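Visitor: If you read the protein sequences in the order shown, they are chains A and B. Per the numbering used here, the very first residue in the first sequence carries number 632; after that it's consecutive. Per the numbering used here, the very first residue in the second sequence carries number 218; after that it's consecutive.
For the record, the hints were derived by calculation from the structure and aren't laboratory data. Computed from a prediction, not measured in an experiment: that's the story for all the values here. Warning: the hint list may mix true and false statements.
List time: in silico SDA-like cross-link candidates among lysine to any residue, alpha-carbon distance up to 20 Å [to be verified]: (1) B:359 / A:946; (2) B:298 / A:937; (3) B:342 / B:327; (4) B:328 / A:941; (5) B:328 / A:938; (6) B:343 / B:320; (7) B:328 / A:935; (8) B:359 / A:900; (9) B:328 / A:973; (10) B:359 / A:954; (11) A:900 / A:843; (12) B:298 / A:936; (13) B:359 / A:961; (14) A:875 / A:926.
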Amino acid sequence: MTLATAIKTGDVSQLPSRRDEDWRWTDLRGLLRSLPRQPDHADVSTDGPFAGLCGDLFLVPNGFVEGFTHIESAAGEASVAELRFVAADAASIATTVLVVVRAGASLTLLESYEALADGAVSAITLDIEVAEGGRLERIVLAADGPEGVTVSTATVRLAPGADYAQTVLTSGARRQRIETHIAHPGQGASVRLDGVYLLRDQRHADLTTVVTHGGLDGETSQLTKGVVRDQARGVFQGRIVVEKGADGTEARMGHHALILSDKAEVDAKPELLIFADDVQCAHGNTIGALDEAAIFYARQRGMPEDVARAMLTEAFVGEVVDRIDHAGARDVARAWVSAQLGTGE
Amino acid sequence: MTAMLSITNLHATVGEKQILNGLTLDVPAGEVHAIMGPNGAGKSTLSYVLTGRPGYTVTEGAATLNGDDLLVLEANERAAKGVFLSFQYPLEIPGVPALTFIRTALNAQRKARGEDEIAAPAFLKKARETAAALKIDFEMLKRALNVGFSGGEKKRMEIFQMAMLEPRFLILDETDSGLDIDALRIVSEGVNAMRSPDRGMLVITHYQRLLDYIKPDRVHVLSAGKIVASGGPELALQLEAEGYDKYVQVAA
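Isolated chain A (complex conformation) (with noise of 0.2 Å):
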């Protein structure tokens, strides 16, 4: 039962609810009745997040995908794509986007969710192929409206030797569940993980990843922050199986929320399912607000309140930022945190 089956088939029975242990914090059946009108084709004139890191374009509006079958990075090469999924229309979306790296290629995808029509249900799915020493980094900036629902899930198959990095950037929406899988084979392959959710008013986000480790001496690092205010919901779903015969995996997970409101909720369920023997695997799960003793530190030296506050604010999910190796996406994703906290220059 997925978001992309119930918009395929318009049977809003096929919809995940909260009676799924996967979806219980991201209830789709109870929040959607009916789902909107199919979307008619769109132009699209406005420039994305990612304008000016020169990348190649490929656009989706409205779910269609126009002009290209799939992003493929050529053996050997380098390239940036930027990959802008577009809601013109509050329509219902379902697509689907193929992204191949080929042996020894690196690929940097910058990938966004745009809403120039808020009120959009988008189902978005990504195949991701990593070849032999091949490489990507995805970064995605889910900008999507307060009315809008999106589900995106990508699958990602890595080969031995490959690097795989990601960081997913949200501001969250009425309901919105961003959702990878990897299929991890160790032997000299390595992951990284992260996101920030940085939500407010009555938003939400989900961030669910699962880490499948199949195969020896596999690496994983993976960091998530989020600060939630007002009454907005916040969930982190993080799971790493190591299977049997994966020895010598090494899996990291950190979960770390900042909650600036009475009514603001943070869910997390990290999981670390181990079936091997010689392995380390760690994770770290906190919760709470900022400390009081810093804010009035930086108050003794002269901060106001406010400044104090988004300063340690920022800060706090700087350290995922940083770990962005595309020097223009990371200054994107510093001005994007900078924006959503309000202390842009």
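Given the structure of chain A, go ahead and fit chain B onto it with the hints provided.
Guide: Same frame as chain A, now just chain B:
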């Protein structure tokens, strides 16, 4: 002429507990006054009450700086008026480089005083000169403030901030704690360089040792929340020799 810092009959509580019990003290501009006293006398409480830390409640009395009522101001407004506290235990600020922290603070103070922001080149030049004088590696200023710094490095960083912010009134809370002799000398030189006819200082310390380096004009003994004795620098030496016992009894 009125004193620069004037404290009159100050009573303060932390939670339900009465800590300051009618403290009266004047520090004229250009002078350095030391406050000494046994543990629990209210030394740190005094520094937090003067700087406006939440949780410290004034129940009676007054405190003014150059005639301005400090107690009605927010902590950051007091800082903009020129009150600086060198913390006994400086906080670690993960993710914020020291230079960014200090420039943000300096510009916030300047904005509050209706002044223009400091230009980046002028700020960096001053930071380089000040760091050199305090023997602080400039690269350290690009790292997150105080994170992973030793006790001595943190105290040096307090003096660095003080020199950058150029406050009118300094409160040093146990600045000597955790310092070895070399660090104590560097920190003291940094503080002495700040002495000027239009600046006052309150040096809070448990031990006389610091006062060999930062010579006070007056020494006050704080016990059970009020000043029980005042005198010249010789009072510090007398305390070192005789201990605080007789003052604890006076206060009780």
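Visitor: Give a verdict on every hint.
Guide: Against the structure, the hints:
1. B:359 / A:946: holds (14 Å)
2. B:298 / A:937: With Cα atoms ~19 Å apart, residue 298 of chain B and residue 937 of chain A stay inside 20 Å; holds.
3. B:342 / B:327: holds (18 Å)
4. B:328 / A:941: holds (17 Å)
5. B:328 / A:938: holds (12 Å)
6. B:343 / B:320: Judged against 20 Å, a Cα distance of about 11 Å means the pair holds.
7. B:328 / A:935: holds (11 Å)
8. B:359 / A:900: Distance ~36 Å between residue 359 of chain B and residue 900 of chain A Cα, so the pair is violated.
9. B:328 / A:973: holds (18 Å)
10. B:359 / A:954: Within the cut-off at roughly 18 Å; holds.
11. A:900 / A:843: holds (16 Å)
12. B:298 / A:936: holds (16 Å)
13. B:359 / A:961: Answer holds: residue 359 of chain B to residue 961 of chain A is near 19 Å, not above 20 Å.
14. A:875 / A:926: Distance ~48 Å between residue 875 of chain A and residue 926 of chain A Cα, so the pair is violated.
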